[in-house]
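Participant: Single-letter residue listing:
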Amino acid sequence: MSEPVSRAQAPAESESDLKRTLPTVLMAWLIPGAGHFMLGRRGLAIVFLLIIACSLGVGLLLDGNLYGIVPNRPLTVLATLACMGMGAPYFVLRFLLDYQGDIVAPGYEYGTAFILTAGLMNLLLILDTMDILSGKKS
Amino acid sequence: MSHFLLMMLYATLVSLFFALLWRRAARARLRLFLQLFLGMMLGGILLAWLMYPFPSGPPTPIP
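Quick mapping for you: the protein sequence lines, in order, are chains A and B. According to my numbering, the first sequence is numbered sequentially starting from 401. According to my numbering, the second sequence is numbered sequentially starting from 58.
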């Protein structure tokens with residue numbers, strides 16, 4: 401029979417859980433696959449990194465759109481969040497390399513789909529990392 | 058790059074990603090990969106075929 405958790409013990413445990421999970425989740429966001437790598441699933445992490453890098457690379461080759469928020473266009477907020485899901489590459493491309501895509505490029509729409517997919521896939525990887533850390537997934 | 062090749066590349070990447078994320082056993086992964094890949098490819102071709110009577114102009118070539 402489990403003992404009831406005291407009020408003082410519960411916040412302390414959740415605080416230590418947060419300290420343990422936050423760096424992993426943050427790394428999972430910044431570098432695609434890093435969360436799984438830190439959890440010991442190294443082979444899988446490298447494959448995930450390659451898949452996301454390939455999707456992003458094709459998107460960039462096709463001059464797809466790397467979304468930023470456009471005033472009075474609320475859907476661009478969602479698209480920007482999806483793109484930001486890829487972590488550090490988003491900020492490097494947007495702010496260091498000043499990449500925005502080329503709207504008149506023939507592969508623009510396809511490229512945008514590939515770039516958005518790269519961001520969304522990394523968001524799913526972050527959720528998967530959180531599930532593994534919380535014990536919901538083995 | 059052709060539209061078809063890009064569709065195939067996209068379907069491969071997404072199917073591989075979900076097969077590795079959602080399944081642990083190799084056989085189950087292969088099964089899910091094939092289901093997703095074929096679903097996307099055949100679904101895309103079916104959708105293209107259904108849209109065929111409604112042309113919007115000449116297709117733009119992708120270099």
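Please keep in mind that the hints were generated in silico from the structure rather than gathered at the bench. Where a beta carbon is used, it is the ideal one built from N, C-alpha and C, also for glycine. Wrong hints could be hidden among the right ones.
Claimed, not checked - Across the chosen pairs, the derived CB separations fall in these ranges:
#  : chain 1 : residue 1 : chain 2 : residue 2 : range
1  : B       : F111      : A       : P423      : 48 to 58 Å
2  : A       : C454      : B       : L95       : 18 to 28 Å
3  : A       : D498      : B       : A82       : 19 to 29 Å
4  : B       : Y109      : A       : M530      : 27 to 37 Å
5  : A       : D498      : B       : I119      : 32 to 42 Å
6  : A       : D417      : B       : A83       : 30 to 40 Å
7  : A       : P471      : B       : A82       : 43 to 53 Å
8  : A       : D531      : B       : A85       : 11 to 21 Å
9  : B       : H60       : A       : A453      : 31 to 41 Å
10 : B       : F111      : A       : L426      : 44 to 54 Å
11 : A       : I503      : B       : L66       : 31 to 41 Å
12 : B       : R80       : A       : L450      : 15 to 25 Å
13 : A       : L430      : B       : L87       : 24 to 34 Å
14 : A       : N472      : B       : R80       : 18 to 28 Å
Stated by the list, open to error - Covered stretches of chain B (chain A as the covering partner; in silico rule of three or more C-beta atoms under 8 Å from a C-beta of chain A):
#  : region
15 : 59–72
16 : 100–109
Participant: Indicate, hint by hint, whether the structure satisfies it.
Facilitator: Each hint, compared with the structure:
{"no.": "1", "hint": "B:F111 <-> A:P423: 48 to 58 Å", "verdict": "52 Å, holds"}
{"no.": "2", "hint": "A:C454 <-> B:L95: 18 to 28 Å", "verdict": "20 Å, holds"}
{"no.": "3", "hint": "A:D498 <-> B:A82: 19 to 29 Å", "verdict": "45 Å, violated"}
{"no.": "4", "hint": "B:Y109 <-> A:M530: 27 to 37 Å", "verdict": "44 Å, violated"}
{"no.": "5", "hint": "A:D498 <-> B:I119: 32 to 42 Å", "verdict": "24 Å, violated"}
{"no.": "6", "hint": "A:D417 <-> B:A83: 30 to 40 Å", "verdict": "33 Å, holds"}
{"no.": "7", "hint": "A:P471 <-> B:A82: 43 to 53 Å", "verdict": "49 Å, holds"}
{"no.": "8", "hint": "A:D531 <-> B:A85: 11 to 21 Å", "verdict": "18 Å, holds"}
{"no.": "9", "hint": "B:H60 <-> A:A453: 31 to 41 Å", "verdict": "23 Å, violated"}
{"no.": "10", "hint": "B:F111 <-> A:L426: 44 to 54 Å", "verdict": "47 Å, holds"}
{"no.": "11", "hint": "A:I503 <-> B:L66: 31 to 41 Å", "verdict": "22 Å, violated"}
{"no.": "12", "hint": "B:R80 <-> A:L450: 15 to 25 Å", "verdict": "18 Å, holds"}
{"no.": "13", "hint": "A:L430 <-> B:L87: 24 to 34 Å", "verdict": "31 Å, holds"}
{"no.": "14", "hint": "A:N472 <-> B:R80: 18 to 28 Å", "verdict": "43 Å, violated"}
{"no.": "15", "hint": "59–72", "verdict": "holds (count 6)"}
{"no.": "16", "hint": "100–109", "verdict": "violated (count 0)"}
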